[in-house]
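Q: Take the sequence shown: its letters are residues 109 to 738, numbered as in the working numbering.
Any given hint might turn out to be false.
Stated by the list, open to error - When the alpha-carbon atoms are kept at most 25 Å apart in a straight line, the in silico SDA-like pairs for lysine to any residue are as follows: (1) Lys412 with Gly483; (2) Lys152 with Pro620; (3) Lys477 with Lys489; (4) Lys411 with Gly432; (5) Lys687 with Val282; (6) Lys412 with Met401; (7) Lys211 with Cys658; (8) Lys364 with Gln409; (9) Lys412 with Phe392; (10) Lys302 with Pro312; (11) Lys578 with Asp558; (12) Lys412 with Gly433.
These are calculated hints, taken from the structure and not from any lab test.
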Amino acid sequence: MNKKLKGESIMKNKSVPGYKRVFAWMIAVFAMVIPWISYLRIWKLTDAQADVFENYNGYVFDFFLYYREVLVVLAAIVMTCIMIGENIFPDTVLTQTPVRDRKNRKIWICFGIYTAAVLLSFVFSKNKGLALSGSPSEGEGVFVLIGYGILFFGAMNYFCYEETMRIFEKAMLVLCVVTIVLTAVEFFYEPVLKLPFVKSLIAPSKYAQLIDNMNTDNYKSYVSLTFYNPNYFGGFCLLLLPYAFKKLLVSEKRWKTAGYILLVCGLLFSVTAAKSTASFYLAFAELIFLCAMEGRGLAGQIKKLLALILVAVVIFVLCNAVSGGKLMSIGKNAITNESTADKENAADTQGASDAQTKSSGTAGIFRLKDIRLEGNELTLKGENETLITVCNDGTLEFYDKAGEPLEVINDGNRITFSDSRFAAVSVTYSQNTVYYDLGYDEPADFYLQDDIFYGIGQNGALSESVTLNKRFGEALYPLFTGRGYAWVNTLPLLTHTAIIGRGAGNFAMYFPQNDYVGLLNTHGTHTTVIDKPHNAYLQTAVNTGIVGLCAVLAVFLIGIGRFVRFMRSSKPANMDSVKLADATACWTFCAAAAFAVYSVANDSIVTVAPLFFIILGVQFAALYAKEYEM
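Whole structure, please, built from the sequences with the hints as guidance.
A: Quick look at the structure:
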């Protein structure tokens, strides 16, 4: 254990210089502002990027990512200057801080390794522009990734005092209230970004139609606010809920208890409205964990918990009644994960629809096993039969696997087959494009040029191959609404990223995008772009290398180890300052742990990640302060 500084406890207000409180407020304000930053940016893609990322005539219209990136980088620069300056001119009262403490050298080493991995991956990246800016679907360029680490150290350094911890609590309170209010507006009225006042703030009037056609339409009645996707909003709520619930458990005044009950209920409503299955279950896991942390003291919390349950039931019933049963429907889908709400566009695919799910082998589908393009011959190999198409001078001829010609029925430009083996198949030939309706959500389409078959990739790019040379783990493809497909086919990429990754934001450029067979069987369409692996750890491993990933995981493990030691050695807290450190350590660990689990099925994105790293830093700060007092 560290020795206390001479004369003063680290947690006492009078030991904290005023400038440290200013720096703490800067981080707190950043945490309150960054989730809501939205403004239109029109981004011109390179030809290579346009072949992968969704665009309109080569342009991406971004409302959610770019200006958050800028703010993260600016905040990181300011925080770096502050911490360097403080190190050069250390405070005469508190010369020892978490950042200067020798026991945190391991964290600095991990950060150094990760930074080196990020920079080296950028240097050797074939798409340096993309590595600088981040992909159009996650906004994490090279400087943003490094900025996350700096925000972490800033939070750890300036929230280890009683007064600054309370500053961060105020920021979390504001975030909770704003989140609940905006959720209610979007759930009962319309998407927040489509409110006339908000529209005028986030884009010039001439681009108002872009807001009307924004991605939020893909999520129907589910809440996403300014987070790009309901799943990301659900992850954001996971970071707030432990704070509200822990404050409820430690509150002593009735009016505060009532307020925190409303906060917890409001955040549970927000998680439900997001329809993020992972977030829904993890939210209740957080509540159970924090209850378990109370141990024997939980018996004294029974009245609060009963009041919470009662209020939650009343709010749920009222909201469901006002919404015409919508909340019940969303809640059911969140529990069962049976909805189509995650059916996304080409740039943001998180899951498969009900119709897509049927494509795993339901009757009425010619389920593909393989596709071969060999000059003027196209072979569609199904589970039981094979359809061979040959083009001669623009005329299509059809054969079975034995080479026998098939009798066709022409209905205009639509062709069907009298052979019952191919009853699920119809072919349409129009303007050099051949569409094969195989029973999936969308047809498989191929382009004919000089009697040669080509696959049609994302954004119309022609491809000579539309299947993987080697395929494994097909049974895992449907897992977690199609995420299994991305996970399984990301693993081969790791053989080339042990030390140096492909560069920040470069995942989509290396993932096999033209896999008709896998995409049709998993998502019901081959036009889906897998621009993210839907797993933050695989995302890091591909973009920055496995070594970089291990450095990040090492920080997580250090945090777990310190929390376990904290729990084993924790003594009853007598001072309010120590009680605060205890509570903060508990709820921040719970929030960070839940988000780490959430990240197994979701990507890292600049809409949510900054708050996560700040909370992670606060966790280390609280553990440091508690250990210092002991």
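Q: Each hint: holds or not?
A: Now for the hints, and whether the structure bears them out:
1. For the hint linking lysine 412 to glycine 483, the alpha-carbon distance of about 72 Å lies beyond 25 Å, and the restraint is violated.
2. Between the alpha carbons of lysine 152 and proline 620 the distance comes to roughly 23 Å, so the proposed pair stays at or under 25 Å and holds.
3. Of the pairs offered as hints, the one joining lysine 477 and lysine 489 holds, with about 6 Å between alpha carbons and a cut-off of 25 Å not exceeded.
4. With a C-alpha separation of about 32 Å, the suggested pairing of lysine 411 with glycine 432 is violated against the 25 Å cut-off.
5. For the given pair, lysine 687 sits about 22 Å from valine 282 by alpha-carbon distance, which is consistent with the 25 Å threshold.
6. The straight-line distance between the Cα atoms of lysine 412 and methionine 401 is roughly 16 Å, inside the 25 Å bound, and the hint therefore holds.
7. Distance hint between lysine 211 and cysteine 658 is fulfilled; the C-alpha atoms sit about 20 Å from each other, no more than 25 Å.
8. Taking the CA atoms of lysine 364 and glutamine 409, the gap is about 14 Å. The hint holds against a cut of 25 Å.
9. Under the criterion of a C-alpha separation no larger than 25 Å, the hint pairing lysine 412 with phenylalanine 392 is consistent with the structure, at around 16 Å.
10. Of the pairs offered as hints, the one joining lysine 302 and proline 312 holds, with about 13 Å between alpha carbons and a cut-off of 25 Å not exceeded.
11. Proposed proximity of lysine 578 and aspartate 558 is contradicted: the alpha carbons are some 29 Å apart, above 25 Å.
12. A threshold of 25 Å between alpha carbons decides the hint, and for lysine 412 with glycine 433 the separation of about 28 Å lies outside it, so the pair is violated.
Violated hints for the displayed structure, listed by number in ascending order: 1, 4, 11, 12.
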